[in-house]
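**Q** Take a look at the letters that make up each chain.
There are 4 protein chains.
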Amino acid sequence: MATQNNDHRDDVIGRANVEDTPELLAYYDELAEYETGALWTVANKIEPWEPQSASVPVVWRYKQLREHVLRSVELVTPEKAGRRVIYLNNPGRRDVSAAVGWIYAGLQVMNPGETATAHRHSASAIRFIMEGEGAYTVVDGHKMTLGHNDFVLTPNGTWHEHAVEADGTPCIWQDGLDIPLVNALEANFFQVHPDLSEPVAYPVDDMTKTWGNPGLTPGGGDWTKGYSPMFKYEWEPTYEALSKYAEATDGSPFDGVMMDYVNPVTNGPVMQTMGASMQLLRPGEHTKAHRHTGSYLYHVAKGSGHSVINGKRYDWEEKDIFCVPSWAWHEHANGSENEDAVLFCLNDLPVMRSLGLYREEALGDNKGNQPVIGA
Amino acid sequence: MATQNNDHRDDVIGRANVEDTPELLAYYDELAEYETGALWTVANKIEPWEPQSASVPVVWRYKQLREHVLRSVELVTPEKAGRRVIYLNNPGRRDVSAAVGWIYAGLQVMNPGETATAHRHSASAIRFIMEGEGAYTVVDGHKMTLGHNDFVLTPNGTWHEHAVEADGTPCIWQDGLDIPLVNALEANFFQVHPDLSEPVAYPVDDMTKTWGNPGLTPGGGDWTKGYSPMFKYEWEPTYEALSKYAEATDGSPFDGVMMDYVNPVTNGPVMQTMGASMQLLRPGEHTKAHRHTGSYLYHVAKGSGHSVINGKRYDWEEKDIFCVPSWAWHEHANGSENEDAVLFCLNDLPVMRSLGLYREEALGDNKGNQPVIGA
Amino acid sequence: MATQNNDHRDDVIGRANVEDTPELLAYYDELAEYETGALWTVANKIEPWEPQSASVPVVWRYKQLREHVLRSVELVTPEKAGRRVIYLNNPGRRDVSAAVGWIYAGLQVMNPGETATAHRHSASAIRFIMEGEGAYTVVDGHKMTLGHNDFVLTPNGTWHEHAVEADGTPCIWQDGLDIPLVNALEANFFQVHPDLSEPVAYPVDDMTKTWGNPGLTPGGGDWTKGYSPMFKYEWEPTYEALSKYAEATDGSPFDGVMMDYVNPVTNGPVMQTMGASMQLLRPGEHTKAHRHTGSYLYHVAKGSGHSVINGKRYDWEEKDIFCVPSWAWHEHANGSENEDAVLFCLNDLPVMRSLGLYREEALGDNKGNQPVIGA
Amino acid sequence: MATQNNDHRDDVIGRANVEDTPELLAYYDELAEYETGALWTVANKIEPWEPQSASVPVVWRYKQLREHVLRSVELVTPEKAGRRVIYLNNPGRRDVSAAVGWIYAGLQVMNPGETATAHRHSASAIRFIMEGEGAYTVVDGHKMTLGHNDFVLTPNGTWHEHAVEADGTPCIWQDGLDIPLVNALEANFFQVHPDLSEPVAYPVDDMTKTWGNPGLTPGGGDWTKGYSPMFKYEWEPTYEALSKYAEATDGSPFDGVMMDYVNPVTNGPVMQTMGASMQLLRPGEHTKAHRHTGSYLYHVAKGSGHSVINGKRYDWEEKDIFCVPSWAWHEHANGSENEDAVLFCLNDLPVMRSLGLYREEALGDNKGNQPVIGA
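Protein chains in written order, with our numbering: chain P, 1 to 375; chain U, 1 to 375; chain S, 1 to 375; chain X, 1 to 375.
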């Protein structure tokens, strides 16, 4: 006979609150025979009052990780490993190998002269370049040279391969993918390129030269795919854009001077499952706290400071990565009185918005800042 | 020391194939200290060649379930149970109480004179009416009378309550919700209405009278929400539409004469996370097999027949419910040579499409039909 | 020397008010040599304070016109005339043969057994059927049978031909076209079908059967053209829709119970240059006055009554046609205390909206109704 | 009795070809009494085989016009003239004061320290800066500094005023407006600002700093108006964009390396009635001929060369303006073997596209180039 766990009872009008009885337990057994159950035994569990993220806040410190990333070069060959990547494994998401929510992230390293096998998958990927010279990516025949803090797309379904020129230096970048989400949605396909490599079919960096121009679009240009044709967003124009925008805006109380990377054809997110933004915290700026649905993975592009997440302080410096789980209170502070701090952010906001699930709340108490636990 | 499971090795170029060594196991332990891991130990697992659905095909037979549904009325009170619902519990999805994929479904029963507490949640819901007289739903103040095979929406964020008029009969309907998905996305909120009930604020059935007219929209009508303003789709005009469309089309080789329920403002899906369609199989029709991403839950609105899912035959008759998991081969057959068979279908296609993950494949072998196992 | 007309002077700050002088007149002559002029000589003329329509209100009475329309059958052959049409020639728009603004309209007659030559043009056309049995239209191979008060599209660029079955009766319908607009925009092309006729390629009335269903769209249906795929909107379902909608709405204070004909794929106008609506005035209803940009041509589909346009009363009865010029005050009154009155309306609202030029104003004085001149 | 002009007869099947007879002329008289006419008397005129533009090609040479523009400063005061503008008066469009088609253009001059009265109108305007220092425009409170070849919007309905700083120099720019179109559509409204001037309410150039960034949009930025929020498009980044794009494309056979100015929110035209583009002809480049619907007004931003329009050669140099009427064959040639030539173009393409009237044709004969008359 079933030993029903009725630990989901809730003594509130409109909620389930049914005590187990022998008769009910027998009934539950019968229901199980037909692959069914009684809703009131699980209703309160599957209809929570508000989101309880499985993810926990983590800061991954580059200072600590860098040597381990480099060591992977000695430990495994690209042939055996496919790619040499140390992935960020959120303690609450180990079952799906996610850094936060449904987002996977890792630090990949590649030596000069190495080339990864060309492949494609339904998962979408981004790269954010951390160090090294000579890295490049080829996406559907478009070759892109990669520099410090450049942001690059390898969207859903595109053939792509990564490499470092023979005269380059060891290169490290952050990979970000929606693999956990696409797996959960049972929609992931993976293919290795039949030739293991793909030919470069266009002038180098042509997509950025064609689509990355302010207020101008290529005449007769036609692009209807679900992702941005501007595969690479370089750091210099991005930082310049933030600096110009900073002259024209007070910024967001929660995020400082923030800009979203966009598909220039739609002004919407760069890909359908992942969005990205870059935000500048002015010297000494400390933002107000808010929370929203959606999982966020921050990468410190410039400067240092700290964030307060669900009442706990997390310090960060350049190249560190940290996460903010869904519906967690968070606020950011630039630690310098003289320099900008700039945060790159990868998130699943496009999913929240496409599905009508985005929700946001400002902290009203305490002048908008969280009391810090232990502070 | 870690006992690494390297059971995800794959001896194919471009895939991970790293053997455990003491040195690597030590390395994996170090990585774990920093909440990280080595991608090549999980890469093949998280990047499968194609989707492997956790769900299994099931037919829930109304003949078997009806008495159990009715018995719940005797076993629990609405006050204690919240709602008296027997939910469909797919053997592969018991952890999330889903009928298939990320879709929850149940059979709800309500007696004359009963009213459920008004509430709202981020999850979206549909109802498909199975039997009884006098049921009605109120959605954001719009009251709708419900009849056999009517399809009704209670979208994300709307206040709603269900009831049966005092002079009605016991009513049973299918509920369908995206609760598992919204929970997984960590975006579910739940509220009981402060007054436990909501007032009826508009003429009865006004939304269908306003928005449910062929080729005509209310003058000055303005609707920008993410879901259809036509909250109720009645059976008679739906069946008439199918019959008319059948005169104008050969139909789909895979789905017969199929129409999608739409938001009349966008011609897109009725809600952002769930779609629905109704398909008519002509007398004697047996469709070809195809497979696609997305999870499907069928409800037999009329007639009888069978489906072949991943090579196995499943018979169904009126009011039965059955599921087709993501990427499962499937084909349908009307069992009658004289009567139409009509299938109502609830699915997560809007999620697949919004996120760029829809993919479809026709079966090329065997003239497009699956060999049936054991047949 | 130029005799400058300086009758456009306006003694208001910010307006041009330059007196002719000999020196200026000489200057104007020099400018003319280079195909230029001085803006201040025409500025006030080309920048009016508000629109002054060239069109005047007219009622075309079917009682008067019918016999003349029928007489054209005796007077000219279809071979010589192309089509036998009496067009509505607004006194203010004779230069462009328009009924109002940039809209052309005419009454066409066709005898049983006659067929017009198939042709196409960049101008878009509508037909509204007035009397007779057996008329049909073929649009891009889709044949449509036509009945009383049916509304039919022959959009921009589609091959079309009109005919009456041999066993029919003489048929009269209203044609409406954007010919004057498309000519003014220098974008009109005209072609006679190389075979003079086009084959019927689909089941009769297939487009209405496929696309004219409330809240349902054909599965896999794909339509991206700029006009509605639902080529025919029949009178019965239209009148039924108005009647149902009347139960759910108070209606517009200016237009009664009004519904717009829409492209079901976009919920927008049926064509890019012309819109249409149908409005029901309840027994005894007399609407408030408003005015807006855009030209309107009304056709009395049912009942009788009057409209007040720019302060003058215009009576109308079934099958009469009347126009309201851009920015003219107008209000409508049903003349019956027992019967509905229903007005079909053809307009250029899609042009106004697409170009950002729509503007509307309610009459505030006199409780919202115009004083009637001479009343 | 009417003296019918039957000069529109056309002896082609499907066209009208009715000879006047006394009986018909009497009939025409009767029709005229009811404000109607017989279609066959005008059908061929109003349904031409293809567009016949009323506009003629013209080159307005800056060398000739500049002194006349400057002289207007001596001849009229801003108070009397409103604005000192010499407008381009196409010989075929004098009735509507248009430069080509429905586009008005003029050369405006303003002295240091002068300010024009703030006003707004339903017509949309652009400015293209030709010479001088210190000019600025204020649009809805947003002040923009203006430099050589900058392109600026003053959209439909926005308050705007133009001025030159007291320490500037005399400034000349091209104005372009859709006044003739908006008048023809009977939708033009004009208002002088109640305070004659509008306050500057934002940081200088804030809209360009906010919206003019490649691949980045302001976080939380929300813009739903029908025109671009990027009111100013500066010359330097535009020319840089063309140069970069030139590295990535072969260019169009008809237009060289062409980019369209866009509303960054939609990637569509900057305003709903007028579009603009900038095209670079490489040294020695001579394009192929094509024709399309829509009226084009070119302004030579850099370099010199010639265009062939409907078989006639028109030479141009920097700051010259020339027009290409609708459906006129045209091709362009850079006159230099060493320098780029760059053409700014203002057009009504958004109207053509919104209304479904765009049509294009390449010249097939003579290897794609027109024989030049008299060459």
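Because the hints were derived from the structure by calculation, they are not lab data.
Careful, some of the hints might be misleading.
Think about it this way: if two alpha-carbon atoms lie no more than 25 Å apart in a straight line, the pair counts; the simulated DMTMM-like pairs of lysine to aspartate or glutamate are [claimed, not checked]: (1) P/63 / P/74; (2) S/80 / X/285; (3) S/302 / S/222; (4) S/80 / X/30; (5) P/63 / P/20; (6) U/244 / S/250; (7) U/80 / P/30.
Predicted model, so just to flag it, every value in this text is computed and none were measured.
**Q** Please flag the earlier hints that this structure goes against, numbers listed from lowest up.
**A** 2, 3, 5, 6
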